[in-house]
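S.K.: Per mature numbering (1 follows the signal peptide of the UniProt record, and there is no 0), the sequence shown runs over residues -19 to -1, 1 to 258.
Please keep in mind that the hints were generated in silico from the structure rather than gathered at the bench.
For glycine and all other residues, C-beta sits at the position ideal for the given N, C-alpha and C.
Treat each hint with caution, since some may be false.
Stated by the list, open to error - Once the Cα atoms are required to be at most 30 angstroms apart in a straight line, the calculated DSSO-like pairs of lysine-lysine come out as:
#, residue 1, residue 2
1, K176, K247
2, K58, K20
3, K206, K176
As the list claims (entries may be wrong) - Computed spacing ranges between beta-carbons, pair by pair:
#, residue 1, residue 2, range
4, K176, R86, 21 to 29 angstroms
5, Q209, P111, 49 to 57 angstroms
6, D35, Q253, 28 to 36 angstroms
7, T199, P41, 20 to 28 angstroms
8, T38, E90, 23 to 31 angstroms
9, R39, R86, 45 to 53 angstroms
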Amino acid sequence: MKRLLGAALAACLVLPAQAAERVVTLGGSVTEIVYALGKGDMLVGDDLSSIYPDAATRLPRVGYYRSVPVEGVLALKPDLVLASDQSGPPDALKRLADVGVTVLRISDEPSVQSLETRIGQIAQALGAGPEGERLLAQVRQDLQAAQALPASGKRAVLLMNRTGTPQAAGGGTAADLLLRLAGLDNVMAGQQGYKPLSAEGIGALAPQAIIVTTASVTASGGLDKLYQQPGLANTPAARHQCIIAMDDLLALGTGPRLGQAIRFLKQQPCIQHDAVH
């Protein structure tokens, strides 16, 4: 296991010369891993995408990791910032480094390899090597068990609605990775990234399962409202009660609960059902 973790650690950046005491995290999966390593007490702040565990939501917030407010971060007096490599803008992270804050860019691509690298980077940065080994072993075990469950191959789409316009997850996204690992056929896989998609457009794709993030369900007025939307109402998913609400970070984070996310989808009764409609 130490050899395996060593491979994950190989991508780590240069670490601070002394142990960090005040850490700010930028990125929900980064924050979740810190807690999974048992190091949540080192955190003095995180960003708005950090919604799990619940303790993360009670920390001082520094805005959103893709639009980092330098002054907000500096106000927390961190000696280490663990930033998703999707964080930005780049000049904000540079400004933090220029005033003496150690900033580590953490691998955050939608892949299992990136997840393993992420665990290794964060474990090493926080002086949590043994904890990192245990977490990495647990994540691999969970993934293996989840992928051993039967897969349905059903046509599926994952939707989120943060701005009033539904967006569907295409290829190259964390949601696409999750759907594929869960044995589902992403009807948007031919499109890259997240694409606006009308209810009528969703209807034309005829998905057998529609996964919607919980925040998007709330923004849409609840699951009942979604079932009644023109376009969605005539999909196989709606006809067979297969519009599924899923925690945002679980669905989109590619974090240490990835195995749990796969099991959640595979074990949905409407997805398990053998019939193709």
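S.K.: Confirm or reject each hint.
M.R.: So, going through the hints one by one against the coordinates:
With a CA separation close to 25 angstroms, the supplied pair K176 and K247 stays within the 30 angstroms bound. Using a Cα cut-off of 30 angstroms, the hinted pair K58 and K20 holds, with the two alpha carbons roughly 18 angstroms apart. As the CA atoms of K206 and K176 are separated by approximately 22 angstroms, the hinted pair is consistent with the 30 angstroms bound. For K176 and R86, the hinted distance range of 21 to 29 angstroms is satisfied, since their beta carbons lie about 27 angstroms from each other.
The hinted window of 49 to 57 angstroms between Q209 and P111 holds, with their beta carbons roughly 52 angstroms apart. For the pair D35 and Q253, the beta carbons lie near 30 angstroms from each other, so the given range of 28 to 36 angstroms is met. For the pair T199 and P41, the supplied restraint of 20 to 28 angstroms holds, since their beta-carbon distance comes to about 24 angstroms. In this structure, T38 and E90 meet the distance hint of 23 to 31 angstroms, their C-beta atoms being roughly 25 angstroms apart.
At roughly 26 angstroms, the beta carbons of R39 and R86 sit outside the given window of 45 to 53 angstroms.
Violated hints amount to a single one, hint 9; each of the other numbered hints is respected by the structure.
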